[in-house]
Amino acid sequence: MHASISGTVSEIGTRSHPFGHSSLCVVITSDGKDKWTKPTVTEGLQQTILEKGVVETYSLHRLDLDRGADTVILNGTDHRPYVFVDKAIMLEERESVIVGLKLLMETVDAKKGIIGINASDINLIEAMRHEVMGRDIEIVGLKKEYTRGMGRLLSRDLSSQLGTGLKRAIISRVLTARAVYQAVELGRPFVDSYLSVYGASETAAVKARIGTSFQEVIGALGGYKGTPRRIVMNSPMTGVAQHTDEVPVIRATYALMVQYDVPIEDPGPCIRCAQCVDVCPVNLLPNMLALYSRKGKFAECRRYHVKACIECGYCSFACPSKIPLMQLIRHAKESLGVG
Amino acid sequence: MKLVVSPPPFIKKERTTSKVLWSVVFALLPPVVAAVYLFQISGLLVLFTSAFSCILTEAVIMKMSGKKVSLHMAPALITGLILGLLLPAKAPLWIPFIGGVFAIAIVKQAFGGHGSNIFNPAIAAWVFLMISWATETLTPPITFYDFGSFLLNRQAERLVEASPAFVLLGGLFLFLTRLIKLDVPVGFLLGVYLPLIVLGDSLTPWFSGIFILMLFFVITDPVTSPITKRGRLLFGLGCGLLVVLYSQFANLEDGLGLSVLLMNALVPLIDRFTKPRPLLLEGMDV
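First to last, the sequence lines map onto chains A and B. The numbers in this note's numbering rise by one with no breaks, and the one at position 309 of the first sequence is 309. The numbers in this note's numbering rise by one with no breaks, and the one at position 95 of the second sequence is 95.
I should point out that these hints are in silico values taken from the structure, not numbers from a laboratory. Since the model is a prediction, treat every value here as computed from it, not as a measurement. C-beta atoms are modelled at their ideal positions from N, C-alpha and C, and glycine is treated no differently. Take the hints with a grain of salt, since some may be wrong.
[Stated by the list, open to error] Taking CB as the label site, the calculated pair distances span: (1) 203/A x 230/B: 40 to 50 angstroms; (2) 334/A x 281/B: 50 to 60 angstroms; (3) 24/A x 273/B: 26 to 36 angstroms; (4) 112/A x 116/B: 44 to 54 angstroms; (5) 9/A x 281/B: 47 to 57 angstroms; (6) 295/A x 273/B: 16 to 26 angstroms; (7) 143/A x 190/B: 41 to 51 angstroms; (8) 295/A x 18/B: 23 to 33 angstroms; (9) 101/B x 143/A: 48 to 58 angstroms; (10) 143/A x 245/B: 37 to 47 angstroms; (11) 4/B x 94/A: 53 to 63 angstroms; (12) 322/A x 245/B: 40 to 50 angstroms; (13) 18/B x 337/A: 37 to 47 angstroms.
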């Protein structure tokens, strides 16, 4: 654990956590100095990265750096317009992303790096291609957005797009590469998070120290535009709704979204329109899974491959009857112990 | 500050079921208008009685089972309009009335209401009427078409034949706005035209209003067609092939109705045997 500001510890107590529970927190009163100590010298890249706290970030917490890989993939796709943090980092700190990726490649002994960017962002792709010229890094335009849980799908899609197998690939994010760069090159622990804020008076990507409350982040961008009805941390498809704005930015935070109009929807009957089937990126039949889950027939859910669900949320998004498909599928996975 | 806490996703596509259903009603307006224009008051009465009887039956059963009534008017209206369009203008009014009651009470609500019925209510009711009261419901088979009668057919007896062009207009609206499962009509056309071309049959009767109505409004009914991608194509293909088979021995109209019902019955089997293989068996990852 790293203090994100300098000062004195004034309290150790329980506070609300953005994942919905309470957690023991250290409250620090700032002395405003923010002086850095000399970077500690540690042996080996991997040890440095871990010691600087780059473990808990989005996706990297399961990244097995011991495993070794031939490719490191950086996921730089955002769910526009609600999330644009990867784009912001690549626009403002291009060099740190590329050096960070090189360091990750060095750590796992990979020969190749790939950065995936939303295909619609032609200018950004061009700029990044220019930047990586002459290095063993490839920039690829992707048609989908890949959120939590979709790492394997990303490497699969990349394999077919590039025409090469990426079986031994490690998947990480642009944010993580930036944190690795800061840890290794600047000796600076992971104390600030980049996050995009959508729905405050000003829509922008900001850097916030870990522990800054959502309220302060939104306040810095001109506050709310009205009475907020829902505050979401991270992606609109897979994120977490908050019960208060007095929760801290954590290392896994990469986006905030404020909604002012939240319709309360009454789910209707399934009319078998198959919109969910058409959008499912892993070829499942979400309406059948939800049907069986609601009736508690989990053995049937297993036969319909409920385990293969990557919880991307597209089925719930597409359902015209507003059936909470993903929620029902999660319920089945939990009941089967495969979630 | 009172915040809503709910599971993701936090954004939803704008398309809602009721919007889709009312769009189908809207797409049915061109053939309805054409029928009322040609058959005047008798056409209007058949359509009105059929729609009224469907909505009434739906409302009564929803009320009896203690469900909210307002939401379910669009599907009943669609069933009523399709059933009305399939009947001749000279049909006595008790025919569309009984048809409507049968469609909603027996074919739809007895199976669990909207979304749970196995057979297309309008088609099942129409076939039921044809079998029970042949003289009141049958019309002479269509033999000849030219472009003028495609626009407005003054010899027509069945409401939907008033203007095949107007049926096509409504169907194209559904097709272009992607409100229907597109693979089903594609499969249907393949199933019909491939054997017809091989057999060297005349293609003209296939430009009839009833055929176009089936193509865009009946076999594409989401509830009674498969959900899997391969299944939808197969379903359309099967309907098409059966229609051609029937038309070799009986007339086109009977064939259309019966092949749709037969394929409806096969939908659960089709879904089961075309269950897709998941892309990544291992599930979630970082």
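Here is what the structure says about each hint:
1. 203/A x 230/B: 40 to 50 angstroms: Roughly 43 angstroms apart at Cβ, these two residues keep to the hinted range, so it holds.
2. 334/A x 281/B: 50 to 60 angstroms: Hint violated: Cβ distance 19 angstroms, outside 50 to 60 angstroms.
3. 24/A x 273/B: 26 to 36 angstroms: Roughly 55 angstroms apart at Cβ, these two residues miss the hinted range, so it is violated.
4. 112/A x 116/B: 44 to 54 angstroms: With a Cβ separation near 52 angstroms, residue 112/A and residue 116/B satisfy 44 to 54 angstroms, so the hint holds.
5. 9/A x 281/B: 47 to 57 angstroms: holds, 48 angstroms
6. 295/A x 273/B: 16 to 26 angstroms: Given about 22 angstroms between the Cβ atoms, the range holds.
7. 143/A x 190/B: 41 to 51 angstroms: violated, 29 angstroms
8. 295/A x 18/B: 23 to 33 angstroms: holds, 25 angstroms
9. 101/B x 143/A: 48 to 58 angstroms: Roughly 50 angstroms apart at Cβ, these two residues keep to the hinted range, so it holds.
10. 143/A x 245/B: 37 to 47 angstroms: Holds - the Cβ-Cβ distance for residue 143/A and residue 245/B, about 42 angstroms, lies within 37 to 47 angstroms.
11. 4/B x 94/A: 53 to 63 angstroms: At 38 angstroms between Cβs, range violated.
12. 322/A x 245/B: 40 to 50 angstroms: holds, 41 angstroms
13. 18/B x 337/A: 37 to 47 angstroms: Taking Cβ atoms as reference, residue 18/B and residue 337/A lie about 38 angstroms apart, which means the hint holds.
Of the numbered hints stated above, those contradicted by the structure are hints 2, 3, 7 and 11, listed in ascending order.
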